[in-house]
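2 protein chains.
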Amino acid sequence: MSWEDNVRKVVPYTPGEQPKLDDIIKLNTNENPYPPAPAVQEILDSFDISLMRKYPDPNAQILVDALAKTYGVKSSQVFVGVGSDDVISMAFMTFFNGSKPILFPDVTYSFYDVWADVYRIPYRLIPLTDDFRIEPKDYAQENGGIIFPNPNAPTGVLESLGTIEEIISANPDSIVIVDEAYIDFGGMSALPLLDKYENLLIVQTFSKSRSMAGMRIGFAIGSGKLIRYMNDVKFSVNSYTMNQLTLLCGAKTLEDDAYFCNTTSKIIATREDAKTKLAELGFTFPDSYSNFIFAKHQTADAAMIFDQLKKCRIFVRYWNKPRISQYLRITVGTPQEMDRLYTALTEILAEEETA
Amino acid sequence: MSWEDNVRKVVPYTPGEQPKLDDIIKLNTNENPYPPAPAVQEILDSFDISLMRKYPDPNAQILVDALAKTYGVKSSQVFVGVGSDDVISMAFMTFFNGSKPILFPDVTYSFYDVWADVYRIPYRLIPLTDDFRIEPKDYAQENGGIIFPNPNAPTGVLESLGTIEEIISANPDSIVIVDEAYIDFGGMSALPLLDKYENLLIVQTFSKSRSMAGMRIGFAIGSGKLIRYMNDVKFSVNSYTMNQLTLLCGAKTLEDDAYFCNTTSKIIATREDAKTKLAELGFTFPDSYSNFIFAKHQTADAAMIFDQLKKCRIFVRYWNKPRISQYLRITVGTPQEMDRLYTALTEILAEEETA
Chain S
3 MSWEDNVRKV
13 VPYTPGEQPK
23 LDDIIKLNTN
33 ENPYPPAPAV
43 QEILDSFDIS
53 LMRKYPDPNA
63 QILVDALAKT
73 YGVKSSQVFV
83 GVGSDDVISM
93 AFMTFFNGSK
103 PILFPDVTYS
113 FYDVWADVYR
123 IPYRLIPLTD
133 DFRIEPKDYA
143 QENGGIIFPN
153 PNAPTGVLES
163 LGTIEEIISA
173 NPDSIVIVDE
183 AYIDFGGMSA
193 LPLLDKYENL
203 LIVQTFSKSR
213 SMAGMRIGFA
223 IGSGKLIRYM
233 NDVKFSVNSY
243 TMNQLTLLCG
253 AKTLEDDAYF
263 CNTTSKIIAT
273 REDAKTKLAE
283 LGFTFPDSYS
293 NFIFAKHQTA
303 DAAMIFDQLK
313 KCRIFVRYWN
323 KPRISQYLRI
333 TVGTPQEMDR
343 LYTALTEILA
353 EEETA
Chain Y
3 MSWEDNVRKV
13 VPYTPGEQPK
23 LDDIIKLNTN
33 ENPYPPAPAV
43 QEILDSFDIS
53 LMRKYPDPNA
63 QILVDALAKT
73 YGVKSSQVFV
83 GVGSDDVISM
93 AFMTFFNGSK
103 PILFPDVTYS
113 FYDVWADVYR
123 IPYRLIPLTD
133 DFRIEPKDYA
143 QENGGIIFPN
153 PNAPTGVLES
163 LGTIEEIISA
173 NPDSIVIVDE
183 AYIDFGGMSA
193 LPLLDKYENL
203 LIVQTFSKSR
213 SMAGMRIGFA
223 IGSGKLIRYM
233 NDVKFSVNSY
243 TMNQLTLLCG
253 AKTLEDDAYF
263 CNTTSKIIAT
273 REDAKTKLAE
283 LGFTFPDSYS
293 NFIFAKHQTA
303 DAAMIFDQLK
313 KCRIFVRYWN
323 KPRISQYLRI
333 TVGTPQEMDR
343 LYTALTEILA
353 EEETA
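From first to last, the protein sequence lines stand for chains S and Y.
Its first residue numbered 3, the first sequence is counted upward by one per residue in the numbering used here.
Its first residue numbered 3, the second sequence is counted upward by one per residue in the numbering used here.
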């Protein structure tokens, strides 16, 4: 018997690299290529540092209220946390306590199985179809909860509200979490379903469409009952998860809807252009509704391309995992960054052909 | 069977009130009455908001390195989190996974039993002596881990390094967490014991002595092995817990040791003065080595004083709990704030006597 016997041993999630080099093109963590809404600067300019001595508002009210207003729900329907990872982690801890396995796709956000492991939640992987789609009928089986992203990560595939509703309505005794981290890049949110389904929890983030990955803000919207349960668990773990400066920056950025629409539109346009360019270079990919493209080359090896791009100081994401080991997840950057990517890919593929 | 059967039902921790009133004297959450080190302003002035679009450093290296330098340990011995609550919560999840009960004092930080409940950890309360002291022999029994604050909260009582070492050395097969949230107000840290004991984890915070409760920064120092285990769990819950602005502010404040010494000295001086004043008003209290005094009046009822002070817009902390229901925990404020407290107490107690 040693203290090590009592240690929770886990295989942690591996986040995408955050290289500390200058002059790199970082298309590996789905960050937004544009800065956050300019008004955020006003918060930094006017913040009184003497306020730091006081605890922040444990209810994060200013941000909760701003989100409620933005999404047309009640403040009691909003939960905020330290990025959507914190929010989903809390949701796993709160809602997935049964003995039956929770269900999620086999190809999906690679944190789900890590949370299930750390919280000792049994789970069952539901294979996506060959073209990476969710088949709602596969989720009509006994389960202790359901989670999937829409659009899915890392595929970028969007499911219709009809598909989502089919899953939710078939599972009234389970919490269904729809992880909408990438919904603002052309997808339709499940928010309209909230009035009909008490068991639906929608999770979104400021890390992608709102250019604030660095501030760590995520949120969930659901029935008041679900949010109360989540807050009980949150207040059993850490009363004050978000600092006051973060709350203010988050609330401020929600005020500038024009900027938000403008930057997401630019990213969508760059993505659509990327689809043409990557196809010309010999890539295939499921149609993406996110800020990344999940691309496979017709002949060249994904791991090789990944390594070669890195030598060109271009970082994309690659997983050596079943079903996806020939794919690269490429974040949509600025048009200039994408041009450098296309140039590099052209050279890499030309060399490969002559090799 | 309904989704509610799978919900983790808990009784959450109740933080001290954060009233949104102006012109109140807030002596209820052990906040520092002085602002953080002035150099923190430089961080806000120079921070480039476009950096917010990128994820922060998941390893929080700038803050980890600054703490390692400040406390003379290796960076691999430092873990940082969103306040010491986040750090202790992670430590509970990481180290307290056995079937034997963990041990902590019956009168102590009221979050310990909440964490034990939320993580389903069995625990046993070890009564403090009549004068609120820890008796090391009481901890020489089978256990799955040990935690206590030093100085203890809400009593303010400091135990000697000899007492601490007696507990640690008697429990080589348990992780012993010493929660030093209040150590900078005149106590001796257990840091010198780290070289001898691999099973010791020391937790501190920026919320009290460093005036940064609002920024949520806590840290643990221990053997490299302990910190690795904690990081594995942390990376299984949320890769990026601390935002980049917070990391920079935290690292910056560590640079100004003179300011830190000056403000903690002022608080200690005000506390020593408060001991005289409160004794004159008829209060008794264990000798405090923290930034609060845990005081009981010889004749007047604690709940009555608490309510009356609130009417005077002075907030202190009161728990209607066994052994401590006649005590008030009074945070040490500025000398001016304390003067207003003494005046109010004088009036309340005079009225009580004539009543």
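It is worth saying that the hints were derived from the structure and are not from the lab.
In this text, a Cβ means the ideal position worked out from N, Cα and C, and glycines have one as well.
There may be inaccurate statements among the hints.
[To be verified] Heads up, simulated EDC-like pairs for lysine to aspartate or glutamate below, C-alpha to C-alpha not over 16 Å straight-line:
| hint | chain 1 | residue 1 | chain 2 | residue 2 |
| --- | --- | --- | --- | --- |
| 1 | S | Lys-56 | Y | Glu-19 |
| 2 | Y | Lys-313 | Y | Asp-289 |
| 3 | S | Lys-102 | S | Asp-59 |
| 4 | S | Lys-227 | Y | Asp-7 |
| 5 | Y | Lys-11 | S | Asp-234 |
| 6 | S | Lys-22 | Y | Glu-19 |
| 7 | Y | Lys-227 | S | Glu-19 |
| 8 | Y | Lys-198 | Y | Glu-168 |
| 9 | Y | Lys-139 | Y | Glu-168 |
| 10 | S | Lys-102 | Y | Asp-7 |
| 11 | Y | Lys-56 | S | Glu-19 |
| 12 | Y | Lys-102 | S | Glu-6 |
| 13 | S | Lys-102 | Y | Glu-339 |
| 14 | Y | Lys-298 | Y | Asp-132 |
| 15 | Y | Lys-102 | S | Asp-259 |
| 16 | S | Lys-227 | Y | Asp-132 |
| 17 | S | Lys-268 | S | Glu-354 |
| 18 | S | Lys-71 | S | Asp-259 |
| 19 | Y | Lys-227 | S | Asp-234 |
| 20 | S | Lys-56 | Y | Glu-168 |
| 21 | Y | Lys-22 | S | Glu-19 |
| 22 | Y | Lys-56 | S | Asp-24 |
| 23 | S | Lys-11 | Y | Asp-234 |
| 24 | S | Lys-56 | Y | Asp-234 |
| 25 | Y | Lys-56 | S | Asp-234 |
[Said to hold, decoys possible] Negatives, chain Y to chain S, calculated, CB over 12 Å:
| hint | residue |
| --- | --- |
| 26 | Glu-6 |
| 27 | Pro-37 |
| 28 | Asn-173 |
| 29 | Gln-300 |
| 30 | Pro-324 |
To see whether the hints hold, each was checked on the structure:
{"no.": "1", "hint": "S:Lys-56 to Y:Glu-19", "verdict": "12 Å, holds"}
{"no.": "2", "hint": "Y:Lys-313 to Y:Asp-289", "verdict": "28 Å, violated"}
{"no.": "3", "hint": "S:Lys-102 to S:Asp-59", "verdict": "37 Å, violated"}
{"no.": "4", "hint": "S:Lys-227 to Y:Asp-7", "verdict": "13 Å, holds"}
{"no.": "5", "hint": "Y:Lys-11 to S:Asp-234", "verdict": "8 Å, holds"}
{"no.": "6", "hint": "S:Lys-22 to Y:Glu-19", "verdict": "41 Å, violated"}
{"no.": "7", "hint": "Y:Lys-227 to S:Glu-19", "verdict": "24 Å, violated"}
{"no.": "8", "hint": "Y:Lys-198 to Y:Glu-168", "verdict": "12 Å, holds"}
{"no.": "9", "hint": "Y:Lys-139 to Y:Glu-168", "verdict": "8 Å, holds"}
{"no.": "10", "hint": "S:Lys-102 to Y:Asp-7", "verdict": "12 Å, holds"}
{"no.": "11", "hint": "Y:Lys-56 to S:Glu-19", "verdict": "12 Å, holds"}
{"no.": "12", "hint": "Y:Lys-102 to S:Glu-6", "verdict": "14 Å, holds"}
{"no.": "13", "hint": "S:Lys-102 to Y:Glu-339", "verdict": "56 Å, violated"}
{"no.": "14", "hint": "Y:Lys-298 to Y:Asp-132", "verdict": "14 Å, holds"}
{"no.": "15", "hint": "Y:Lys-102 to S:Asp-259", "verdict": "54 Å, violated"}
{"no.": "16", "hint": "S:Lys-227 to Y:Asp-132", "verdict": "44 Å, violated"}
{"no.": "17", "hint": "S:Lys-268 to S:Glu-354", "verdict": "33 Å, violated"}
{"no.": "18", "hint": "S:Lys-71 to S:Asp-259", "verdict": "12 Å, holds"}
{"no.": "19", "hint": "Y:Lys-227 to S:Asp-234", "verdict": "32 Å, violated"}
{"no.": "20", "hint": "S:Lys-56 to Y:Glu-168", "verdict": "36 Å, violated"}
{"no.": "21", "hint": "Y:Lys-22 to S:Glu-19", "verdict": "41 Å, violated"}
{"no.": "22", "hint": "Y:Lys-56 to S:Asp-24", "verdict": "14 Å, holds"}
{"no.": "23", "hint": "S:Lys-11 to Y:Asp-234", "verdict": "8 Å, holds"}
{"no.": "24", "hint": "S:Lys-56 to Y:Asp-234", "verdict": "31 Å, violated"}
{"no.": "25", "hint": "Y:Lys-56 to S:Asp-234", "verdict": "31 Å, violated"}
{"no.": "26", "hint": "Glu-6", "verdict": "8 Å, violated"}
{"no.": "27", "hint": "Pro-37", "verdict": "4 Å, violated"}
{"no.": "28", "hint": "Asn-173", "verdict": "9 Å, violated"}
{"no.": "29", "hint": "Gln-300", "verdict": "32 Å, holds"}
{"no.": "30", "hint": "Pro-324", "verdict": "21 Å, holds"}
Comparing the model with each earlier hint shows violations of hints 2, 3, 6, 7, 13, 15, 16, 17, 19, 20, 21, 24, 25, 26, 27, 28; every other hint is respected.
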